[in-house]
Amino acid sequence: MEKNSASNSSFLSEESFDSGEVSNEISFDELNNYYFSPGKITWKGRLNICSAGDVVDHTYLEKFKKLTDTIPCEFKMYSWNLDRFSKFITEIKEAKGYTDRAKARVNFLNWFKKVYWEGKLEGSLLDLMESCHRNFYNLPKDLEEAWTTKSIDLFRVYSLQGSLMVCFAIALGYSDFKSLKDIYHLPFFYDASLLDSLTFNTVSAISTEWEDKGNSLSFINNSSATANEKSLFKAHAEQAFKGREDLEESFFSMKNLAPVISRHHERIDGKGFPHSLNWSELSDLETLVIFVSHNYGSEEVDFDNENTHVYLNGRMNNEVCNEGTLSPRLESMIVGIFKNLDKELADLDLIGA
Amino acid sequence: MTKKKYKSIYDSISGDLEELLVDLGLELSDEGEQDDVLVIGPSDSESHLTLDQPPSITEFFQKKGEAVVCPHALKDPLFSQMVRNVLKEGGFINVEGMSGGQILDSENVKMVDHMSVGYYSDIISTDAFELGFNFVRVRNYLSNALTYFSYLNKGDIAFIPVDIEYGTNDTHMMVQVHANVQNFVKDYLWESLGDEEAKSPFSALLKNALSQTDFLSVTYLKSAGKVIFTSAWSKKIPIEGWFTSLAIKDIQSFEERKEELLTRPRVKVVKTTVKMESDDLPGKSTGLMGGTEDNKKNLVKIKRVVEVIQKVKKSEGVEVEEVTQEDIEAMINNMDPEKLGDISDDEKEYILGAVKDPKELNKIDAGIDRVLDNFEGEKYVDLFSESIEDLSAEEVNTYLKKGEGEDEGVSEEIWEVKKGKIVEDLKSNSEEIRKSGGGRTELNAEVLKLVTRELEAIEDDCAPMVNELSDKVTEQMISEKIESSGGNVETMALEHSREVQTLQNQVSSANERATRMKKLIDIMKGQIASMAAKEKNLNGAEGTSDNSNSDHEVTDLKKQLNNALAEIKNRDSTIDKIRKSNEMESGSNDETTSAAVEEKMQEVDSSLENISSDSDNIEEQLNKKVLFLKNALEQQTRETKQRDSTIQKIRQSNEKIIETKDKEIEKLKNKPVFGGPAAQGSNAGGEASEGESLNAIELDEENKNLKTQLEMMTNRLSQLNENMEAKTKAATQKAEADMLKLRQDNQKATSTINKLKEEKERVNRLLKKSQQSSSMLEEDVRLLKIEASHRESEQKEAKAAGGASSGDAAKVKELQNREVQFTEKLKAASLKIKSYEQKIKFMQAQVNATQGGGQGKKKKGPGRAEAAGGNDQKFQLKIKQLETLKGKAEEATKKAQADLNNAKKSNVQLKSELNATKLKLDEAERKIGKKAS
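Chains as they are written, first to last, in numbering that gives the first Met the number 0: chain A, 0 to 352; chain B, 0 to 932.
If you're looking for bench data, these hints aren't it; they were derived computationally from the structure.
There's no promise every hint is true.
Stated by the list, open to error - Computed cross-link-like contacts, DSSO-like style, restricted to lysine-lysine with a CA-CA straight-line distance of at most 27 angstroms: (1) A:Lys254 with B:Lys248; (2) A:Lys241 with B:Lys221; (3) A:Lys140 with B:Lys662; (4) A:Lys177 with B:Lys378; (5) A:Lys113 with B:Lys87; (6) A:Lys254 with B:Lys648; (7) A:Lys119 with B:Lys640; (8) A:Lys342 with B:Lys426; (9) B:Lys648 with A:Lys112; (10) A:Lys140 with B:Lys655; (11) A:Lys113 with B:Lys833; (12) A:Lys119 with B:Lys648; (13) A:Lys119 with B:Lys726; (14) B:Lys87 with A:Lys254; (15) A:Lys119 with B:Lys300; (16) A:Lys140 with B:Lys893; (17) A:Lys254 with B:Lys221; (18) B:Lys347 with A:Lys119; (19) B:Lys87 with A:Lys270; (20) B:Lys655 with A:Lys254; (21) A:Lys241 with B:Lys662; (22) B:Lys824 with A:Lys270; (23) B:Lys355 with A:Lys119.
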């Protein structure tokens, strides 16, 4: 399939007005709306200000703003997808009854399927990240500051994981806004207990343990980490709210999410930690946590790769990547929902009629 | 029940039971203490099972009972599998595993709040109806079971989401409900197996649920912290002698876990919860640990009382753990009843717990925040400011314990000035704090800072005053909120946040569109300006342009412009409507957010006004510059059409590819998959020979796993193939590109060689011509020499005969001198010719070398693209060198040609002179002959 291009396909926008925003430049006013950079932004073609998906440092941009109104940007984000996403989430949020909510959910999935699951329409991971950030993000300031200061890459990973969690959770049947908001924020708490003592070894261990398909904790055990680092890492999964106990009660709408968070290093084959659970002991949300964290936990995400559907459904079909992390039940549910979506749409239309 | 009666029941199914036990590798142990209880398995893990309805289910299960099984159920494949699960296999969080593979297709729903119980019950019971099951029983069961989970959720024992999975086969339906739980004990079941109580629906929920199903199995997965309710229905249950079977697996009683539970802090969380729940359930949850009714209005008051008691007891040197209920009562009685208001017994009990556990204060804060879900910072600041302004100097001194003895404290006049300053600074600083996401705590800290600064006191002295003011303000806000929402805090907060979000989204969307329009117009303005400049130039050269032919286009463009302006107006009016509805809806609900929305509206308005004024200017400019704009629009249209057609092609191509892929995927999907019909078949075989059913199931499982692996391998293979194809394609494209480049290089080299050859031939021709001319000259010189020598001999003879005239002899001498000079010139020309020959030889060598290099490249082929790229540079350099040489050679040739021409001219002159000399010589000879004669 021919590679999509964000920069030259903007005229595909359904609304004629949208073509007005198509250019290879972005105004600083517009950039203020973005939390993640919509593309590669350069100054005079020499200085790379930020790459696609970077957290935009608006303070840093101020000095450029004084010199010019617009700045070159190689767009990797599709603005109309952001609008669409927000529209669907508003529909979910404002649905007055369960049938309306179910319809909003199916409408969302129908769009998601075309763009991000099948790649029939253009879209990128950045759309999902920015959209979810705009619609769900509400992390306490101190926690945000701690993550962005200590490991901006991990913060971005959590943001991506949260976005994918939301999309897959909607596919699994979650259609309540508050629950989706909670689900979005789960990854930000995976390793929150390590924040105060974040070291090179623990940061490496966080993503490497996810990527490692061997025995759990093998990386940290064989690393040069100190005994203290090792013990902290081994205990961190169950201490999501350590030092932030009040957040568990006040921040989340759903109660007792600590056990769900603690599953992020479990594996469906029972080789994870801390409890070595297998898939028959895990709920769908927990298996989703495991799948997303293990498969989308790399700090190096290629946001320039616009074949998002390969990154999503391709990962489900790749048994080398998802070995021990994708429960057959979760796979059949998610694949099944996209396969039978037309039927579900027809059923809902029937109910509506 | 008599032993005899029970024996008859046992005898009726003994064969089935024995078969099942053998299958599981278990056996009946000695009879238990009761006549109607079967003890199964080894002594260290024995299971107590009864085949009759015990007089008291609760009592049976409290005495080690694990299952009450209807004897008929053991003859049913699905129910016997459920018994098998209880006795041996444990629990599975999926219908397929729980049914032992008898039910393969299942659906899932997630329940996230108890208000959706009916919705989900209806969905599942509708499916049950369509498949011929007793949907009323299914619906009643679900309604009760899900409500039971909702009450457990209320008591912080079970947690949402509650996962519901249901599946059917031809004869059975199975529903599995599971949720994460903490500290789940059997006692929670007994509490809901009682009689119905009007005030407490929880008391009979499980009893009602049990009566609506054929088999209920409750399993607890301790490591995963989950409780699973699996219920099943059969279309073929006998009318007589049937009762619902109940199995409870791996759940301890409160007594068994008492020590563990009471030492864990989680129990306290349950016991003292202050969280607000939307759409609260009536009555208590389980009374064992939870069940404390929330008291929303008194949160602030309770917090203050707790803080005061803690402080007093600390000052008395009493540890908070030692505080008793009586102490609390006594202290509350000593407090000012006007300020304190009514404190219920439940609240007093809660206060005791909170005094002893410092963490409880955090939870109260969390509770307060939940009530003030969307913290209204501006209102909070206003109320806080009012409270500070209402504060007298005397009250301040009381708080600060000043004005006693020598310390005079702050005077009324000074306080007037200081509080004005505090309020002013608070209002100016608070905006920044709120913008940066600060809430109540941050604002309180700011007030404390300001008060401390103005009073020149230390923070610890000012803190009580600020905390008390903060509590008052919070209390006031909560009570206002509760009153305005008719008492339903959560609903109000929910509605409010929903409305605000909607308005914000609408405003944001309108704003974005306005910005986009403005940008479009800016672009158009830029185009117009540039076109205007062009037109000006044109007019300068050609005079006034003739627009008579473009009247029609003018009309069209005006129409387009009017449409654009109408669109702007429409958007304007839409935004007005939004603003009006915002004003109507928000009203007094939330001044802070309304102000924020109003501000945004104003921004939108101003941006739209700008757009409108810009549009007026554009209209004027458009009228003037319409011809140019038309061209620009036509160009844009053409470009857009081209882009559209390109994209259409891309889309069509993409769709074709996707169709092909879909077909492939469909083919793969149609292959037997994990849990497919093949697995069913194997299981049916297992039924035929129940003695081997365990092995059959294992084989079945293995078979499924292998099929899954096969499917995954197939998918992987196809993906690898795709990758390989892509890679091969990329490599081929690269090779082709390299080949093309080489061909182009080769063509260049060949053309250069041809040019050089042509040049060489031309030089050769010139050379030959020069050589011919040279040889002719030589011949002429030779002849001239012979003639001259001949003349010389004749002159000698003539001299000898009579003496020649002296004038003629001088002429002859002069001619001879010229001849010598001419000969020298000829020699020089010959030398030049030789040097040209050398150059030509060199050029020939270069041409040969170039030809050799080109052939070498051809031989290298596409596999050496990089090396070829290296040679290419060298080759280019050589060509440049050759071109330079060629230029020099051409120059030299031209020079040689010019020299030759000069030589020829000299030659012709020389010849003419020679002829003249010859004539003169002839004449001189004749004269000499005449004289001689």
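So, going through the hints one by one against the coordinates:
no.	hint	result
1	A:Lys254 with B:Lys248	26 angstroms, holds
2	A:Lys241 with B:Lys221	22 angstroms, holds
3	A:Lys140 with B:Lys662	49 angstroms, violated
4	A:Lys177 with B:Lys378	26 angstroms, holds
5	A:Lys113 with B:Lys87	46 angstroms, violated
6	A:Lys254 with B:Lys648	51 angstroms, violated
7	A:Lys119 with B:Lys640	21 angstroms, holds
8	A:Lys342 with B:Lys426	57 angstroms, violated
9	B:Lys648 with A:Lys112	22 angstroms, holds
10	A:Lys140 with B:Lys655	48 angstroms, violated
11	A:Lys113 with B:Lys833	81 angstroms, violated
12	A:Lys119 with B:Lys648	13 angstroms, holds
13	A:Lys119 with B:Lys726	22 angstroms, holds
14	B:Lys87 with A:Lys254	33 angstroms, violated
15	A:Lys119 with B:Lys300	59 angstroms, violated
16	A:Lys140 with B:Lys893	86 angstroms, violated
17	A:Lys254 with B:Lys221	19 angstroms, holds
18	B:Lys347 with A:Lys119	63 angstroms, violated
19	B:Lys87 with A:Lys270	23 angstroms, holds
20	B:Lys655 with A:Lys254	48 angstroms, violated
21	A:Lys241 with B:Lys662	51 angstroms, violated
22	B:Lys824 with A:Lys270	103 angstroms, violated
23	B:Lys355 with A:Lys119	61 angstroms, violated
The structure does not agree with the numbered hints 3, 5, 6, 8, 10, 11, 14, 15, 16, 18, 20, 21, 22 and 23 stated previously, though it agrees with the rest.
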